[in-house]
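Protein sequence lines correspond, in order, to chains A and B.
Counting in this note's numbering, the first sequence runs from 1 upward without gaps.
Counting in this note's numbering, the second sequence runs from 1 upward without gaps.
Some hints could be false.
Computed cross-link-like contacts, DSSO-like style, restricted to lysine-lysine with a CA-CA straight-line distance of at most 27 Å [as the list claims (entries may be wrong)]: (1) A:Lys159 <-> B:Lys74; (2) B:Lys142 <-> A:Lys247; (3) A:Lys200 <-> B:Lys247.
Everything labelled a hint here was simulated from the structure, so no lab data went into it.
Every value quoted in this text rests on a predicted model; they were computed, and no experiment measured them.
Okay, here's what each chain looks like letter by letter:
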Amino acid sequence: MTKKTEFSRRGLLAVAAGAMAMSMTAMPAQADGSVTVASWGGSYQNAQSLALFQPASKAMGITVKEETYGGMSDVRLKVKAGAVAWDIVSSGSGSAARAAAEGLLEKLDYSVIDVSTFYPTLKTDYCVGSDVFSTVMAFNTATYGDSGPKSWADFWDVKKFPGKRAYRNKVAGALEPALMADGVAPADVYKVLDSEEGIKRALDKIRELKPEIAVWWKSGAQHAQLMKDGEVDMTTGWNGRFDVAKKDGAKVAYTFNQGLLDYDCFAIPKGAPNKDLAMKFLAEVSKPEIQANLPKHITYGPTNKKAYEIGMIDDKTARMMPSHPDNAAVQLPVSLAWYAKWEQKAAAMYQDMLTE
Amino acid sequence: MTELSIGSDSRANESTFLKQSRREEWALLGLASPAILTVLIVMVLPVGWLFYLSFLADDGSFSLEHYNRMLESKAYGRIFMTTFEVSFITTGLCILIGYPLAYFLSQLSSRMAALCMLTVLLPFWTSLLVRTYAWLVLLQRKGLINSWGIDLGLWDEPLKLVHNLNGTLIGMVHIMLPFLVLPLYGSMKAISADYLKASSNLGAGPTQTFWNIFFPLSLPGLFAGALIVFVLCLGFFVTPAVLGGGKVIMVSMQITSNIELFFNWGAASALGVVLLVITLAILLAASRLLKLDNVLGGGH
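One chain only, chain B, in its complex shape (with noise of 0.2 Å):
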């Protein structure tokens, strides 16, 4: 009898715990809604609208025109290129920069690292048109840096560096820098210094004890801040609009001209539905081969 009453006294508990944690989960859920419901309307809405217009001809009727003028014309295959290209080198040449200005920062005591922080930071709270007006007067045929070097003889005819991909490259390196190095420091830091004593205890060298130890530990928080990067590159408009010179011209600008040339959403909104597919595509290609599980959230 006794064991009897001890089972569905433990019975009641296990319910009374199941509603509690699901109350819990309900009360969760409210808290969440809020921003639930924002995604909802800001983001899967307009995009869903979006993707419904890119399929609706002038006067209203089904059509793939505009994923056909697509095909027709070697401009966008072209564009679409430059978008990837340019996107490609400025997450590469990120991670050459940000890897080491992150590891740096992560060995510096903590005071130190605050102060060298602010050289990431400043200009990161900077208006980005700003920056890039910036690096427009610094970099164009009578700007700072050709007039120095001039001056200096370190060169005779003005080098080409902005108003072509070398100004576009530039221009957003320095501006996506930040997206790359704060993740990445964040998990430099999370790597205890253990490891690395249990490694150089157990007889490995410097150089060894970083590629086999922190290296690793370090890729998520690299290939978190590369993710951000190359995404937000997919998109980037005013740089190259800016820096470009008209030679750059990115998936973003093309979106902008066929407003204005087709006066219909549609046109635009197919370029836009493409290259969601496309990034995607290239995102879900990505977390296979690099097993990007662990980054984007889905491996717990």
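Isolated chain A (complex conformation) (with noise of 0.2 Å):
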């Protein structure tokens, strides 16, 4: 008895609470409405609430949930079993597009949404940039000092920079920097790659670097670890990492350059709930002022060129983003299209050449 007291007492102090905190939710000013956005969770998802979804539901005087998710797999499930509890999805673009394709997202309507000052590169009809991250090499610091490599050719140049390597364990990424290390120029490295004999180009550079690859890695977090334990001398990875594995101490220092410039963006699940304030709420999280919160959290940069310009974000940060104009500049755009057209093929080829 004492049991079932407590707990209906317990439940009633819940319901209360609940009660209390929509209404404190609900009372700034005309309050309609909330959407729910799903991310990839940890440091990223937690820069992201901080410093996009938080001032922007608080800017339009709507409530924002958020959610973690497995990325398009998930959604796939859901639009196809028509349950879609999502208004806005975070998605790296490679997978945004894929999803479009499938017919999984709704078009954005970029008159809600104003793009006009976006780097043009940075958005489809279906997801709109959020961040800009980099797929860059990564070197440790005790072993080469400060001059390390520079390049994909001294990625590769195990005579000039003796160590081990690490490399990804995916195809997404890691085809680029082996045709600009056997001298491709960036511009036309996604020409070369348009035909299976230039994938296998790709492959067999690889398979050159394979003995000193130790380490085939398959996420963020582990590529950070690698460097900062030493085990690697040289890896491939995205920015953002290594500056965070660098803040704890690791001795890593990265360049931009031939990076693979490449983006995460907002999409909208076909069937969302709040389909139309969701879009609202994308206008919102893509205004310039909004978007110079981003570094302050996270090295990922503003998808937005204009955020650079409204004195928000100060010029020594603005230089770490692998979307600072000068950054930008030397490196190679990845492209949606390529990845469209070419990835399950090259992904398959790629798994080969992983079990030979």
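Quick one: dock chain against chain with the hints and give me the complex.
Here's what the structure looks like:
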């Protein structure tokens, strides 16, 4: 009996607290509605929440519910089951493009979302850029001092830069560096890759480096840890992770030169319950003054060029961002069209190479 | 007349007995039904569903594309080979290490045995992830073992202990050992000391007694343990993923990457189906060859 009363009392408290919370969030201004956003969790979503979601919800006077999810395969399941609970999902540009091709996403309304000052390549009809990151070469400063590799040719040069390498265990972002190391100009990389022979050429170049590759990494957390532990002397990876590792005392540096410029984006799943409000919310988080918050929380740059011009990001921080004009100029933008056309085929060939 | 009445009496008795035993069987079935239903719902139905999905193309039509993909690419064959190779070697190493250990434990006094058993059980109770990452810390290039070894002058270059097959096997053997030792220890304890005494009485030396009496009697426990280890190894994910450095790719890892790559359960479940079929075939062959009926509980 005591157990039962206790339980109901606790239940009552929870209901009361919930009602209070609801009335509190519902109070500001013309409080109509809420949107649910799903993202990747961890330090990344934390940064998104502080920099984008919370300021935007405050400005609009709506409630934002945050959830974490496992990527577009989750969206696919929900859409196919007709049970879409998310209004907005945060995704990598490549998987968003594939989800769009499958008809899983709503078309974005760019008369609502102002993208006039965006980098033109950082949005599609179905996904609007949220932040820019880069796949770069990072090196151990204890091994190489400040004179680490400056190009993919250096990354491949085991005589000039002896030491163990780590490389990605998936094809995404793995073939482009190999071709550049093989002497292909960055501008021609996707032209060469646009055939099975081109993909094979890149794979053969990776085969050449294979004896020096100690680890095939599978996550950003892993490649950061490899550098921290000194397990390898050089690796490919996502720039933001190396900055976090450096803050934690890792002896790691990287160059944007010949990096692969890529972006994350926001999309609206087909059949989202609050589609119109979600569109307005995306308009809000795409504004330069909201996007300018992001670099304070993670070294991933804004997709709205204007965010750099309104004086909210100091010069030193701006220069660390992959989308800073100086940095963007030396990088190769990732081609979504190529991934849409070739990724599954190339992934099978990559797996062949890995298991040899 | 008396004879007849006795007959009808015994017949009446017999039918009462039959009724009673039938009632008992039904009661037992009733008691077992929650377990049977659970197995049916959480095991048989999903496996059947995945089996069905593996024959569906993207547009929902019947198709063998997921199986054709496995035939077309060399990678899948190699991944299956790796999976069975790793499982086989792990099982072998577990037997080599585990048999002497279980034998030693079975010969100790029960108090000492309980104490020593803790060395087997403590790691068993620790999270698998924790143990796997602990091995990573110990084995890596600048890890404890390599830095001590180099400092002590035992070797000059860091040994390649992890991010390869070596590391995977070290981690998996450590994690699998209790699964072999526990059933083996149980079957060794059940061997009556009288058999061994009788053997000595008949003039056999210790070695002869061990090989002729003790070892054959411990075989059912050994097979049971080895079987558990082997089957668990086939589906292993975490340890090879963390300690294999991306070079040891097992079926379970390929299943997750297929889901990510193809957005499609069918592509992944086809792999699961093939693994299941091959595993069942191996078990069937093994049970024929080794007469595992006793172990699997079918020989009573």
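Problem - Hint consistency between Lys142 (chain B) and Lys247 (chain A) [alpha-carbon to alpha-carbon, up to 27 Å] - result: holds, 21 Å
Problem - 27 Å Cα cutoff - pair Lys159 (chain A), Lys74 (chain B) - result: Between Lys159 (chain A) and Lys74 (chain B) the Cα gap is close to 32 Å, so the pair fails against 27 Å, i.e. violated.
Handout entry: Pair hint Lys200 (chain A) and Lys247 (chain B), alpha-carbon separation not exceeding 27 Å
Key = holds, 20 Å
Figure legend: structure checked against the earlier numbered hints; the only hint not met is number 1.
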